[in-house]
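Each of the two chains sits in its own frame; use the hints to bring them together as a complex.
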Amino acid sequence: MTTAPEKTTAGQDRLVPGTPLLEVRDLHVEFKTRDGVAKAVNGVNYSVAAGETLAVLGESGSGKSVTAQTIMGILDMPPGRVTAGEILFRGQDMLKMSNEERRKIRGRKIAMIFQDALSSLNPVLSVGYQLGEMFRVHEGASRKEAKAKAIELMDRVRIPAAAQRVNDYPHQFSGGMRQRIMIAMALALEPDLIIADEPTTALDVTVQAQVMDLLAELQAEYHMGLILITHDLGVVADVADKIAVMYAGRIVETAPVHDLYARPAHPYTKGLLRSIPRLDQKGEELYAIKGLPPNLYKVPAGCAFNPRCDVATDLCRTEIPALHQVTDRDGAELAGRKSACHLWKETLHG
Amino acid sequence: MGRFVARRLLQMIPVFLGTVTIIFFMTRMLPGDPAAAMWGDKAADPAQLAAFKHRMGLDVSTGQQYLDYMGNLLTGNFGETMAGRKVIDVIGEALPVTIRLALLAFVFEVVVGVTIGLFSGLRRGKAFDKTALVFTLLLISIPVPVLGFIFQNVFAIQLKWITPTVQDSMNLGQLMLPAIVLGSISLAYVARLTRTSIAENIKSDYMRTAIAKGLPRRKVIGTHLLRNSMIPVVTFLGTDLGALMGGAIVTEGIFNVKGVGNALYHAINLNEGATVSGFVVVLVLVYLAASLIVDLLYAVLDPRIRYA
Ligand SMILES: Nc1ncnc2c1ncn2[C@@H]1O[C@H](COP(=O)(O)OP(=O)(O)OP(=O)(O)O)[C@@H](O)[C@H]1O
Ligand code: SF4
Ligand SMILES: [Mg+2]
Chain A
1 MTTAPEKTTA GQDRLVPGTP LLEVRDLHVE FKTRDGVAKA VNGVNYSVAA GETLAVLGES
61 GSGKSVTAQT IMGILDMPPG RVTAGEILFR GQDMLKMSNE ERRKIRGRKI AMIFQDALSS
121 LNPVLSVGYQ LGEMFRVHEG ASRKEAKAKA IELMDRVRIP AAAQRVNDYP HQFSGGMRQR
181 IMIAMALALE PDLIIADEPT TALDVTVQAQ VMDLLAELQA EYHMGLILIT HDLGVVADVA
241 DKIAVMYAGR IVETAPVHDL YARPAHPYTK GLLRSIPRLD QKGEELYAIK GLPPNLYKVP
301 AGCAFNPRCD VATDLCRTEI PALHQVTDRD GAELAGRKSA CHLWKETLHG
Chain B
1 MGRFVARRLL QMIPVFLGTV TIIFFMTRML PGDPAAAMWG DKAADPAQLA AFKHRMGLDV
61 STGQQYLDYM GNLLTGNFGE TMAGRKVIDV IGEALPVTIR LALLAFVFEV VVGVTIGLFS
121 GLRRGKAFDK TALVFTLLLI SIPVPVLGFI FQNVFAIQLK WITPTVQDSM NLGQLMLPAI
181 VLGSISLAYV ARLTRTSIAE NIKSDYMRTA IAKGLPRRKV IGTHLLRNSM IPVVTFLGTD
241 LGALMGGAIV TEGIFNVKGV GNALYHAINL NEGATVSGFV VVLVLVYLAA SLIVDLLYAV
301 LDPRIRYA
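Protein chains in written order, with this note's numbering: chain A, 1 to 350; chain B, 1 to 308.
Among the clues, some could well be false.
Straight-line distance between alpha carbons at most 30 Å, and here's what the computed BS3-like set of lysine-lysine pairs gives [said to hold, decoys possible]:
{"#": "1", "chain 1": "B", "residue 1": "Lys86", "chain 2": "B", "residue 2": "Lys160"}
{"#": "2", "chain 1": "A", "residue 1": "Lys144", "chain 2": "B", "residue 2": "Lys219"}
{"#": "3", "chain 1": "A", "residue 1": "Lys32", "chain 2": "B", "residue 2": "Lys203"}
{"#": "4", "chain 1": "B", "residue 1": "Lys160", "chain 2": "A", "residue 2": "Lys104"}
It should be emphasised that the hints constitute simulated quantities derived from the structure, not laboratory data.
The shape of chain B in the complex, shown without the other chains (with noise of 0.2 Å):
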């Protein structure tokens, strides 16, 4: 296992670095020359732009300037915004933020996913299960903005439980909302998944053995079926952790949440190439760190799989 770990490590390198190299020329792509947003329509004086140009490190070659930001990333600095401030500090402000939105996403889906899938897996056909699917469903095809309107209208407008924006985006209390907004379409996927995978395994040998035995249903259903049906439920949920914090970032925009989403959307419009990558730089590390996790879990799930 230490090796596994050891050499999935070691796999993450050239994703990573790829990712990153990928980045960095897109960022330098972006229309628009940094030092013109930051003097707007005047023209700059030309001392001043060499001075900032410098300070920026962009008075050198392209290729110059892809070498000095990985050497820098290497050494955990990952450069500074136009305005003097430290890219690490707008992310260590941004990046909390987006991931409690996410984790509690991920919670809300991952538990109230599973448990619907189980009652419809062993329910098939009925009334529970019906009304499931059609809910599942209509989860599925509304798109999250409209979904976001919908929970602000009749949340905050109508009944007025909540305010229609996010005030603190470091409150849980405040992100409840934004939270099940982000985590419906995938809510709706994972009890699909399960319920599929539950009504599938019912039928195994392996559960008319369990029952044989003589087991109460609490214990075959919640140590032989569940724990069968959620191999594939995990495998999704791996990716869908990435996803989440992709889809963050649209739900954010929606509940004025400061996270990820908001300081990219500023970093974009004013040209921010430094903190635009710092940001994916970040996300990427989180995306391979999760499925990292994902693929342990699995193997502990599923004996069968080897570390290979």
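Here chain A stands alone, though its shape is the one from the complex (with noise of 0.2 Å):
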């Protein structure tokens, strides 16, 4: 088992079955605005196979949906601008291709959901016609065709009477509805590969869940990949293999989900894992991270997270950690398992 070919993503597809679906390579994205250069992405690396589920975690302004974007093809440029990297999808590098092949390859082949779907869903169209529409323009499906699949799609996640309700508006629907109206739309051409952009987080915590269970259970179905954007770590572990953990545009550690809530081995998913609520702490007062998120326009030099870690050395303010393939006590190397850390080994095993 630990005599892994390559080193660098032997352990990763050890973990899952088949080649990286989608593969982000040092993404590096900028955003020119009045107040200068914010560099929302500095050096994203991460993969997805079929099938599998990456959870991409860490605080707002990590950049977490600015990388999405770019790999959707819908980031607003200008302002912002891809510096550095590749988005290889099955292989071939996405940054590379023409407009055309990109869009042939968005709601087709990787689909994505939205936070707010209220806003997200267009107000004046029915919702008929906005599932629909995926099918007519993909796959000229006449407008009767279009209509049946689309109330085929809504009973798929489950909308009661939806044949009553296709010619209903966004508006009309709860908001757990139209998530679950966004899904079906993600899913409609059943694509290799969906992105979920804190798909329950605008949601009452009652019907989070519920929304939640049904993506798993559709991804399962479809043997999709997913990204799952989220800052919320008790979602995460029951539906995601592996998490990637992002800081100032960059991925701070990449684990398998259990190994990372067992054993952490950056300071900063230590930090974030001390402060989930649990409910054997009551009464406790919460831990927080201290200081602030940084500002993307002045990201401070070494490591990014070194004004608010506790165990910052000077090499820590001056060089930027690499991502290190983690290994264990003995030197083997843990699968799927990195930290962009100077001391990582001191926070895994000490």
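Dropping the structure here:
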């Protein structure tokens, strides 16, 4: 198990069957605004295989959505600009494709679910039209066929009385139902990969779990890759296979989900885990990582986390830590585990 | 929806009656005596004068005149001119001309205004957008009569494409230039409103969704962007339809179009109370109908609006 032929990707490959569906390599994105250049994404590396769920975690502003938008090709350009990196979809770099080639991937091969379904659905078009549009545009379906398929999709995501509600408008549905419609829309053409950007954050707590379960169930059924963006560590545990933790536009740690929970290899991850409210801690004050998220116009030198890190050294203030392969005490590689910390050994084993 | 229309129609009744009442008394207060205007400087024969007043219904109290007028209106009788013509005939002659002129101006302002606004909104800050901003500012700041004279000068006197004034008031081709002049200011507003609306909606989440769905640009813009962006523009257009009817009166004067403006001008000069109030009644009806149509259209465009 530990004799992997290749150092960097062997662990991940062994973790899941098949090669990565999508691989993001060293992605850099910045925004030119009036206030200067905001470095929103500064070297993101992650991959997802078919049937696999990758959870992307991180505080607000850490670049989770910008990375996702860059993958989808829906980044606001300008002000956004991809300055370096590759996004390989089935081995082909999407950043080198023509607009038309990318458009054909969008919706059909890679689909996206957004956080706020109310604003993400067109308010003046019926949900049936918006669902059917997928079939009409991508498959040349007739109006009638598209409507039938829209009803089928609504049934699939368990919207009651789909046939009666197909002509209703988004504002006539509840938040949970609207998000189901977003899921149905993403699912329409059975894409290979779905990117869900905080799909349950805008929902009532009571329906969050239902929507998440539905998404996980459909993902397994269609054997799709799923990138699940969230800042809720609690949601992740049940559904994700692996986790990528982002900080200031970088991946600071990736690991299979249970390994990360049990033994984080990065001080930032450790802090995040300590800040989850737990039932057995009732009454105690909740832990919070000290300091504020970094200013993206002026990312700290060295490790971006150093001003907030309890164990930072002088090295941390000058040198950007590489994304190290994490090993156990004997030096054997831990499958799929990487950490961008100079002190990952001490953090993991200490 | 049927109930909504019925309710709106009911609401219109007091508005209509109120306006007609105000107009009736205002025309009675026009300076001068209509009978005196009829006879000019000559002293009128008292018998003839009495007969005339009786025919015009002026020989009773103003209150009774008002009741008579309202009663006649309800049966579709708009009264007679002093020369004995039916007011309804005078209206029937002039109104179609003005409606043609206003509709032509309306189509012009919608088609050209929305097109300019759309491309400006899509190319914010680019050369086209900046040119359009200057152009529309220019249109807004030039008074209509001045614009009319400029057009007459350029197209009729310099280029000789047209005659300076309209010869046949029912000819759509000849009404084209007056319509452009009439629609120009509204066109500028429509263009600016569309631009703002497009620029706002283009950043919305549902636009991002439309692109993420892999829709071609033509559909993203035509179906998703334009439809949402038209909602405020339609509201403006609704109020503008009425304003165009009013503006037509000025434009008609410049180009000598024989429409409502022309007829009203003469009626006021001759102190023809019945004719003036007749026209106003019809204009009020046009305003009310236009506002109802706009409300319905608005609700069709935006399903979030309930017929309430
Ligand atoms: N259109 C834009 N113009 C300018 N800056 C932008 C734009 N979009 C994103 N950014 C910048 O990129 C940074 C990262 O944003 P991003 O939306 O990826 O954060 P996130 O990790 O998704 O946070 P959240 O959890 O709040 O969704 C933001 O702090 C913002 O400054
Ligand atoms: S590199 Fe240094 S500052 Fe950054 S997380 Fe590790 S110990 Fe802390
Ligand atoms: Mg986000």
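Among all the numbered hints in the text so far, which are the ones the structure does not match?
1 and 4
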